Amino acid sequence: MSDPSSAANAPNSVADRAKSHAVIIRTVGLEKSYGTGEATTYALRGVSSVIYRGEFIAVMGPSGSGKSTYFNMIGALDSATRGRILIDEVDVAQLSAVELAFLRCQKIGYIFQSYNLIRYMTALENVTVPMAFAGVAPEEARRRGMELLSLVGLGDRWLHRPIEMSGGQQQRVAIARSLCNRPSILLADEPTANLDLDTGHEVLEILQRINRERGVTIVCSTHDHRLLKVCDRIMWIRDGRVERVEQSDNLQITVGSIGGPS
Amino acid sequence: MKPIVARDQVLLGAGRCWQLALTGMSYRLFRSSITIAILALASAFLVHILGHGILAEATEHSAYAEMQMGRRLGQDITRLSVADSTAVIHQTLVSGDAQRLSEYSGWAAIAPPQLAEAQASARRLAQAGHALSNLPVAAHAVIFGDATVPELFDRLAHPEAFSAFLRQAHQLGVPCPGGDCRRFERLLMVERPALDRLIDKIQAGQERAIERLSKAFGGEPLAQVIAAAAPSLLSELKAAGFDIDSTRLLELSRFAQRAEDVRGVSKLLTLPDVATAVAHAADVAIGKVNFDVLSDYVDTEKRARWFEKILRSAGAPKRLTAQRLAELVGHHRRERQLSRAVGDREKEPETGVGGLPSRTEWLVLLSFLVCVVGVANAMLMSVTERFTEIATMKCLGAMDRFVMLMFVFEAVIQGAVGGLFGVLLGTLLAVARAALEYGSLLAAAASAAGTVGLAVLGSLLATVLLAAVAAVGPSFVAARLSPMEAMRVE
Chain A
2 MSDPSSAANA
12 PNSVADRAKS
22 HAVIIRTVGL
32 EKSYGTGEAT
42 TYALRGVSSV
52 IYRGEFIAVM
62 GPSGSGKSTY
72 FNMIGALDSA
82 TRGRILIDEV
92 DVAQLSAVEL
102 AFLRCQKIGY
112 IFQSYNLIRY
122 MTALENVTVP
132 MAFAGVAPEE
142 ARRRGMELLS
152 LVGLGDRWLH
162 RPIEMSGGQQ
172 QRVAIARSLC
182 NRPSILLADE
192 PTANLDLDTG
202 HEVLEILQRI
212 NRERGVTIVC
222 STHDHRLLKV
232 CDRIMWIRDG
242 RVERVEQSDN
252 LQITVGSIGG
262 PS
Chain B
338 MKPIVARDQV
348 LLGAGRCWQL
358 ALTGMSYRLF
368 RSSITIAILA
378 LASAFLVHIL
388 GHGILAEATE
398 HSAYAEMQMG
408 RRLGQDITRL
418 SVADSTAVIH
428 QTLVSGDAQR
438 LSEYSGWAAI
448 APPQLAEAQA
458 SARRLAQAGH
468 ALSNLPVAAH
478 AVIFGDATVP
488 ELFDRLAHPE
498 AFSAFLRQAH
508 QLGVPCPGGD
518 CRRFERLLMV
528 ERPALDRLID
538 KIQAGQERAI
548 ERLSKAFGGE
558 PLAQVIAAAA
568 PSLLSELKAA
578 GFDIDSTRLL
588 ELSRFAQRAE
598 DVRGVSKLLT
608 LPDVATAVAH
618 AADVAIGKVN
628 FDVLSDYVDT
638 EKRARWFEKI
648 LRSAGAPKRL
658 TAQRLAELVG
668 HHRRERQLSR
678 AVGDREKEPE
688 TGVGGLPSRT
698 EWLVLLSFLV
708 CVVGVANAML
718 MSVTERFTEI
728 ATMKCLGAMD
738 RFVMLMFVFE
748 AVIQGAVGGL
758 FGVLLGTLLA
768 VARAALEYGS
778 LLAAAASAAG
788 TVGLAVLGSL
798 LATVLLAAVA
808 AVGPSFVAAR
818 LSPMEAMRVE
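Respectively, the protein sequence lines represent chains A and B.
Be aware that the first sequence starts at 2, since it is given in the numbering used here, and climbs by one per residue.
Be aware that the second sequence starts at 338, since it is given in the numbering used here, and climbs by one per residue.
A couple of the hints might just be wrong.
Stretch-level coverage of chain A by chain B, calculated; a stretch enters the list once three of its residues show a Cβ under 8 Å from a Cβ in chain B [stated by the list, open to error]:
(1) 64-77
(2) 88-95
(3) 100-111
(4) 120-126
(5) 236-242
Just so you know, these hints were derived from the structure itself, not from any lab.
Quantities reported herein were computed from a predicted structural model and do not represent experimental measurements.
Note that beta-carbon positions come from the ideal geometry of N, C-alpha and C, so glycine has one too.
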């Protein structure tokens with residue numbers, strides 16, 4: 002179960018508390034390069050990592066570190082130059098386009114930095130789009146969409162369009178959308194980067210609640226140090242390699258030196 | 338925790354794709370107003386060209402028919418004083434105009450079987466002439482020289498000339514008309530002279546009938562007799578062997594009367610007093626005053642009364658009242674309108690498929706091509722603008738097929754909306770232009786409304802198709818977009 006490349010990936014007592022040790026995402030010697038020959042540039046230089054079922058993991062790293070590339074890979078959005086990505090022990094490279102679409106639709110939920118709501122659709126319509134792709138009947142999709150919108154505290158704003166909502170509200174709609182097909186994994190790409198402290202905090206709380214109550218694995222790339230308090234583990238990426246992986250309990254983080262609710 | 342199993346994604350049916358494409362269509366329609374405008378222009382152009390062509394065709398066709406009727410009346414009056422020409426009799430035998438044929442057989446005392454035989458010969462001759470004049474250019478030059486068909490037939494009636502023709506035809510590989518040289522020879526040597534004799538007999542008979550008619554009315558010009566509608570006219574005509582019934586005679590006499598009156602008024606217009614008055618009123622040079630000028634000027638009742646007074650003082654006959662004048666002028670104007678409409682038609686350049694001038698066809702084709710490019714470009718811009726949206730949809734599980742369909746459907750809706758506007762605009766333009774060109778004559782084109790409707794429907798379909806075709810490229814680009822684009826931050 003443990004990954005030979007990184008001792009820190011081995012399960013320990015903290016992770017054990019709620020997790021079942023089952024690996025949900027595993028990468029083996031993941032490499033991604035662009036160009037050929039002399040001009041080859043490496044985005045990832047052999048990343049081997051393990052993400053356990055039900056955990057909340059933060060991926061941190063400066064820009065240009067290969068963090069985004071790693072993120073796209075484990076989200077089955079991009080293919081690796083070398084190495085393997087296994088999502089629930091299934092090699093993503095082996096999947097057909099139709100199976101990949103199924104994976105993205107039903108098993109992984111995506112949350113984007115700039116929310117990526119569809120401009121001309123209402124909150125409810127935005128939430129029901131993935132359910133339409135999953136073949137859920139419109140009435141059922143509507144019911145489930147309303148349920149999810151109330152879960153994120155926007156039950157009364159289902160008729161609003163993205164332009165009529167604040168950033169935090171938009172991100173909450175996006176979270177509702179990512180959850181609609183009951184995914185096992187939630188990939189959040191800097192979900193709080195565009196938000197102010199208060200709303201960012203709300204979004205994090207919702208994510209934490211989803212993780213706790215629904216057992217959804219959350220992988221979250223971030224610069225936000227408050228997130229470190231919420232997550233179970235932190236993976237640091239630098240220069241296309243995993244620098245270190247830490248338990249958040251072991252970290253001494255001081256947040257709010259400037260201000261903020263926490 | 339359920340395990341992650343990669344299964345096949347559900348393929349959305351066309352209905353569901355359609356539904357999703359429709360969501361927010363009002364928003365999209367507003368944004369794509371340029372695309373819609375281009376499509377509307379294209380369909381308006383097409384409908385305008387087609388609709389105008391159809392309306393013009395119908396109007397000119399009916400105008401031509403009406404003019405032919407007028408000409409026929411003139412011809413009928415002429416043949417009461419001048420015998421039909423050989424060519425006309427020949428043509429009548431070929432076409433089989435029952436009324437004239439019965440007149441002919443009366444004058445020349447031809448029995449029905451003889452008449453049928455003559456008709457058959459006439460038709461065979463016409464066919465032979467037709468076949469020979471359609472020879473390839475080189476063969477035509479050798480066989481005909483400078484001769485016309487009747488001249489050629491005259492020449493071939495000599496045995497040595499005919500055998501020379503057979504040799505030439507054999508060398509050139511030209512078959513005899515009808516494929517049977519013996520039959521052709523018989524047609525030229527025996528049937529044609531017999532037919533000519535018969536035609537001469539018919540002409541002589543008609544001349545006798547005309548002479549008899551002229552004697553009956555004391556040598557007075559027949560046109561005047563008809564215009565006066567003498568009571569004994571019908572019986573005299575019947576007695577002379579002309580097959581004219583009372584309704585036709587009434588039409589003829591009206592026509593003759595009108596011609597007589599127009600001639601009378603035209604004559605009066607040459608009088609200095611009248612000419613000066615009209616020239617002054619209509620603001621033209623005195624030397625240019627004629628019935629055309631008068632018919633353009635006298636377009637109200639008031640002016641008709643004004644001219645009546647002038648006529649009175651010039652000593653015109655009493656029957657030339659203001660009312661009669663208005664009638665004459667109105668008729669004359671319509672005739673001019675008709676000849677103008679038909680004149681346009683005769684001037685029209687070579688026509689391509691569907692009655693359209695071939696240049697217009699190119700123009701339509703070119704405009705559609707430009708339109709496809711324009712629409713494709715606008716769509717590509719729209720796709721580029723929506724990269725994030727498309728990529729997000731793909732992250733949410735949209736298949737390439739769905740993305741493609743969504744864009745094509747959107748284009749179809751845009752095509753339908755643009756097409757509807759364009760079709761309305763184009764029809765209005767076509768009708769307005771035709772009304773400007775043909776005026777009141779356009780009423781005759783009402784029967785072509787169905788054809789115009791078909792053109793409108795066709796144009797609408799063409800526009801939708803055009804939009805869909807233009808959307809294929811951009812939607813392909815959209816479908817191939819990587820879902821990774823969704824992660825990009827602007």
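Each hint, compared with the structure:
With a threshold of 8 Å between beta carbons, the proposed coverage of the stretch 64-77 of chain A by chain B holds, since 4 of its residues qualify and at least three are required. Given a C-beta distance limit of less than 8 Å, the hint that chain B covers the stretch 88-95 of chain A holds, as 3 residues qualify and 3 suffice. Evaluation of the coverage hint for the stretch 100-111 of chain A: fulfilled, as 10 residues show C-beta separations to chain B shorter than 8 Å, against a requirement of three. Counting residues of the stretch 120-126 of chain A whose CB lies closer than 8 Å to any CB of chain B gives 4, so the stated coverage by that chain holds, three being the minimum.
Requiring three or more residues with a Cβ within less than 8 Å of a Cβ of chain B, the coverage given for the stretch 236-242 of chain A is violated, as only 0 such residues are present.
This entry does not satisfy hint 5, going by the numbered hints stated previously; all others are met.
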